[in-house]
Amino acid sequence: MDLALSAEDRAFADEVRAFARANLSPATIAKTRSGRHYDRDDHLAWQRALGKRGWHVYTWPKKYGGPGWSVTQRFLFENVLAEEGAPRILPFGPKMVGPVIYTFGNEEQKRRFLPDIVTSNILWCQGYSEPGSGSDLASLRTRAVRDGDHYVVNGQKTWTSAAHWADWIFCLVRTDTDAKPQEGISFLLIDMKSPGITVKPIIMLDGAHHVNDVFFDNVRVPAVNLIGKEGEGWTYAKFLLANERLGIAEVAASKRGVQGLRDIARAELADDGGKLIDDMGFREKIADLDLQLSALEMSELRALSTMQLGGAPGPEVSILKIRGSEIQQRIAELACEAVGNYAMPYQPELLFRDSNESPIGPAHAVPAAARYLNMRKTSIYGGTNEIQKNVISKMVLGL
Amino acid sequence: MDLAFTKEDIAFRDEVRDFVAKNLPKDIADKVAGGKHLERDDYMRWQQALGRQGWLVYTWPKKHGGPGWTITQRYIFENTCAEMNAPSIIPFGSKMVGPVIYTFGNDEQKQRFLPDIRESSVWWCQGYSEPGSGSDLASLRTKAVREGDHYIVNGSKTWNTMGHWADWIFCLVRTNPEAKQQEGISFLLIDMKTPGITVKPIIMADGGHEVNEVFFDNVRVPAENLVGKEGEGWTYAKFLLANERLGIAAIPQSKRGVEGLKQMAKSERDGAGKTLIDDASFREKIADLEIQVTALEYTELRALSAMAAGGAPGPEVSFLKIRGSEIQQRITELAVEAVGYYAMPYQPALLWHGANEEPIGPDYAHLAAPRYFNVRKTSIYGGSNEIQKNVISKMVLGL
Amino acid sequence: MDLSYSDEQKQIKEGVERFVREQYAFDTRRKIAGSEKGWLPENWAKFAELGWLGMSFSEADGGFGGGAIETMIAMEAFGSGLVLEPYLPTVVMGGGLLAAGGSAAQKEALLAPMIAGEKQFAVAYVEKQARFNLADVAVVAKKDGAGYAISGHKGVVYNAASADTIFVTARTSGGQRDEKGITVFAVDAKSAGITRRDYPTQDALRASELTFDNVKVGADSVVGKVDDGHALFEGVIDRSIVALCAEAVGCMDAINKATLEYIKTRKQFGVPIGKFQVLQHRMVDCFTNAQEARSMTLMAALKIDDADATVRKKAASGAKVQIGKSGKFCGQSAVQMHGGMGVTDELSVSHYFKRLTMIETLFGNQQHHLSRYANLSVAA
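So the sequences go chain by chain: A, B and C. Quick note: to get this note's numbering, add 84 to the position in the first sequence (first position is 1). Quick note: to get this note's numbering, add 525 to the position in the second sequence (first position is 1). Quick note: to get this note's numbering, add 702 to the position in the third sequence (first position is 1).
In case anyone wonders, no lab produced these hints; they're calculated from the structure. Treat the numbers as computed from the prediction; the structure is a model and nothing was measured. The reader is advised that the hints may include incorrect statements.
In silico lysine-lysine, BS3-like type, Cα no more than 25 Å apart, as pairs [what the hints assert, rightly or not]:
hint, chain 1, residue 1, chain 2, residue 2
1, A, 115, A, 136
2, A, 369, B, 799
3, C, 845, C, 977
4, C, 733, A, 359
5, A, 478, C, 969
6, B, 787, A, 369
7, B, 780, B, 635
8, C, 821, C, 809
9, B, 787, C, 1005
10, C, 977, A, 264
11, B, 587, B, 532
12, B, 556, B, 787
13, C, 733, A, 284
14, A, 473, C, 966
15, B, 561, B, 791
16, B, 532, C, 1005
17, A, 369, C, 821
18, C, 977, A, 478
19, B, 556, B, 588
20, A, 473, B, 919
Same shape as in the complex, but just chain A:
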């Protein structure tokens, strides 16, 4: 048992750092540091740079074009990139549909889809939730009816992140209405350019457009785009959700977030005119957060270590999602607290577009309230924290 890094590990971290510095644009780094929103090109430019290096799919085994890294290397990679201000890798291709395809897809599908994920040549999005099927995902009603060598898809998906940017969507669809809810579901890959697909933005409370409704009106999908067996989509979905929960803890990003919070507290003044970071009350709030994050990081490392030894991520991974989301929220909450009165002005031009408008308060105050409001989503998406607790209660505690 050892936490220390070997010389090889340190060399590896240096290599990642050098790569990040050479390939991240200053504009992107600035957006990360200030908490402003990225656009599609910011993500693509970075992911394609990673793709050229073979690092976009850094969790994949060598066999499918990944680097085949150890747990330690993945951990270093994530942390170094977060420190350097890299955008989060959009998970839909490399962390979600990719592993489903290489685990459950046929050879033809692997040849067809994996290379574009490896290079980030195409962007994916996820068609899971529906208006009536949130926590109770298995009740989904988007129908796919077989018609010759096609499926005809009708229905609606919602909360679809990045659908307005995506080239392809992977969908859970109902292929058998007579079976039990979980058994009539299939996993289908759909080209977003197919006729009959409409994407409608959902505007979030901070004014941001990340998520969408996606409508399917007699969309014809070639049957060769079915993953695995018809009716077994729920199995693949669960496999994917377990993977999602692991990454969703966002430990590396939160470490950067805490660092950013310290920077804000160094710049802001307290009531007595001293620095906010010297205010005992605020300093202890940051310290408390920092400790929560350390505990989460160790929990994640323990889970990763189990996986390294060949174990699958178990249901205890759910606590990573719960605590990870709570910590992300707390960081945003404290940043909002730190900026005081200047949390109040709302500057959408600065938040969402590359505008030359000057910030009303300090630059770091511009996204503070918006992030706080927006981060409330983290305890809702990827399975609400209440659902995660149900899972732990049932699967881990046997209640």
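Dock chains B and C against the given chain A, drawing on the hints supplied.
Chains B and C in isolation, oriented as in the chain A frame:
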């Protein structure tokens, strides 16, 4: 809308102060101020003094021998007594069985039992919970079988507070095992000296003896001791629980507790050469607690004001119990934090028997941990806080 | 002791609640928020006509003799509908400054027309370096002939773009954080030398950054006494805190009601999600929080005019701590129980959440007021 006391109210307060000053024995006041354990005789001396004045049953209407006070007078009475370190009135007679008897009992029962309650010449205790019936009280199994003009009682009650000091017990018993759970229950008054009753102490986490198991082995109870109708005990029990919830918030005691904490923090050193009260973060913890007490006090005042206007205490009263118990717990938790290392020595002789033993730390410190352990009970008894939330959820929110 | 409303107060309550119900549907509010001023002049005229602008002022000041309870009643109803009209800056803050410190001439020139609905106010006191410390005033007012010349920057001034008169705290003597040496001025909003940068706030209100560049004002523009403005100003902010707390109580009741309705109707796993105990208990906690917020607001409204300044300060800070805590709990819980819908712009719930979040910051956050309360109550 007005917070101010009228001239009459102020005269009344002075009268109460004067009475307490003259009638509360100093040794008792000292024990209460120091948070020490009281003996049966301590309670009795104070309650009988109140009884002689007609004030022990201060919530009762004149018709039944109470003083018929307004809500403002009750508020003044409770607060003045607490401020002057009077012991809390043991509620089993005056606040629990008394109102049940004068509301649901027959004239014979009123004549027989109420005077002794008013004067505190008889000590009552409560026989509700059973080993298998805690939160699910209606599942109770202690049986009372009619045999001529007696009931034969068999079974056991638990968490019976101060039963080892009691002369009488009021019990919920099952008289009809065939009926629906709630409908087979009756409300019975039992003399603790009746043959077949055994009281067995339960020792609490702090080493104290305040609760018991009470066993009934073919105990013969005269049928005239049945209150109201056979099978309607559940109605009387609910009536009693609603009354219990109001007083259970213990707000005047918590106000005294916060003052005690401030005194403690003024005596304790903070490790930086100052007193603990100079430590901003500890000071803010006390401030936060004091604000919680104030919020609860004004909530109770609002409830009392509504009652004075003719309303009955509604299910909202439930949350007074929840918050009241949480606040009592928080006071003891902060006391443990305040005394630091000297929370550790355990001095049962000093704690329970008023021995002349020298305290190992400051004289208030040996009580801190036992009280903290003991007061965990407040979120459990009188209907656990979880049950209280179920009640509010159903009765107030309609969920 | 009597905690029930008088008949007059009940009438006010019904009147403001009716206004909100009939004139402030969520879609209407969205339109008003997007309009030029961000509030509706015809609504303001109605407030004047119904006496809501004057009800909390003494009869001697041209009001109807009410006080903090009347303000509380109105603000609570406004909170329940997220009313955008600038009642807080104009009536409670600006009007409050005039009532507490204004000369007879100022009351006649400013307060009377405000009560008649003809004048709007803003109060400029936030400074970038000051955080929540009202005594940290770097804006200076230098003697200039018979009057003063004001220079410096004030931030997050609500309603400045609509205001006819802007009340400004400025330093006339002493060091930057001294309580002594602060003076309150009533400045004509059109005065030469004032530069405004207008913007919307997170919760769809309007505010501005104001730069004062040698703005000349007469000696008659001083509200209260020269150098002694701090106590006056702090008192008015404490009263404004109680009004704001009442608005928050209205927001909490509304957001709780919406959430309760949602969990009773939203079905998952074949049942309304309100059947799940974990949500029931959270909803109970929301209910409890709102009740405690209501209790503390009432307490503060009843104590805010106490002759003892410590009682007043403790009341205001205690209430503000409770509102911050309860508002955050109710807001976050409402969003959580609404699921994805809670984080969209579409439903009212996120708008209440935003207002509650800004209320937590306005006039000093929980931490600021907890510290103030602790110094007044515990250390004393």
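**Asked** Between residue 115 of chain A and residue 136 of chain A, is the straight-line Cα distance small enough, at 25 Å or below?
**Response** holds, 23 Å
**Request:** Quickly compare the C-alpha distance for residue 845 of chain C and residue 977 of chain C to 25 Å and report which way the hint goes.
**Result:** violated, 68 Å
**Message:** For a C-alpha distance cap of 25 Å, please report whether residue 821 of chain C and residue 809 of chain C respect it.
**Reply:** Cα-Cα ~12 Å, so holds.
**Prompt:** Within a Cα-Cα threshold of 25 Å, do residue 787 of chain B and residue 369 of chain A meet the stated pairing?
**Reply:** Measuring from Cα to Cα gives roughly 24 Å; hence the hint holds.
**Message:** Checking one constraint from the list: CA of residue 532 of chain B to CA of residue 1005 of chain C, max 25 Å. Satisfied?
**Reply:** The given pair, whose Cα atoms are some 19 Å apart, holds under the 25 Å limit.
**Prompt:** Hey, residue 733 of chain C versus residue 359 of chain A, does the alpha-carbon distance stay inside 25 Å?
**Reply:** violated, 41 Å
**Prompt:** Is residue 561 of chain B within 25 Å of residue 791 of chain B, Cα to Cα?
**Reply:** OK: residue 561 of chain B and residue 791 of chain B at ~20 Å, within 25 Å.
**Message:** Hint check: residue 780 of chain B vs residue 635 of chain B, CA-CA at most 25 Å. Holds or violated?
**Reply:** violated, 36 Å
**Message:** Against the 25 Å threshold, does the CA-CA distance of residue 787 of chain B and residue 1005 of chain C hold or violate the hint?
**Reply:** holds, 23 Å
**Prompt:** Taken at face value, is the distance from the CA of residue 966 of chain C to the CA of residue 473 of chain A at most 25 Å?
**Reply:** holds, 21 Å
**Pair hint outcome, residue 369 of chain A versus residue 799 of chain B [Cα-Cα no greater than 25 Å]** = holds, 23 Å
**Request:** Measure nothing beyond the straight line between the CA atoms of residue 587 of chain B and residue 532 of chain B; if it is 25 Å or shorter, mark the hint as holding.
**Result:** holds, 23 Å
Hints 3, 4, 7, 17, 19 from the earlier list are contradicted by this structure; the remaining hints agree with it.
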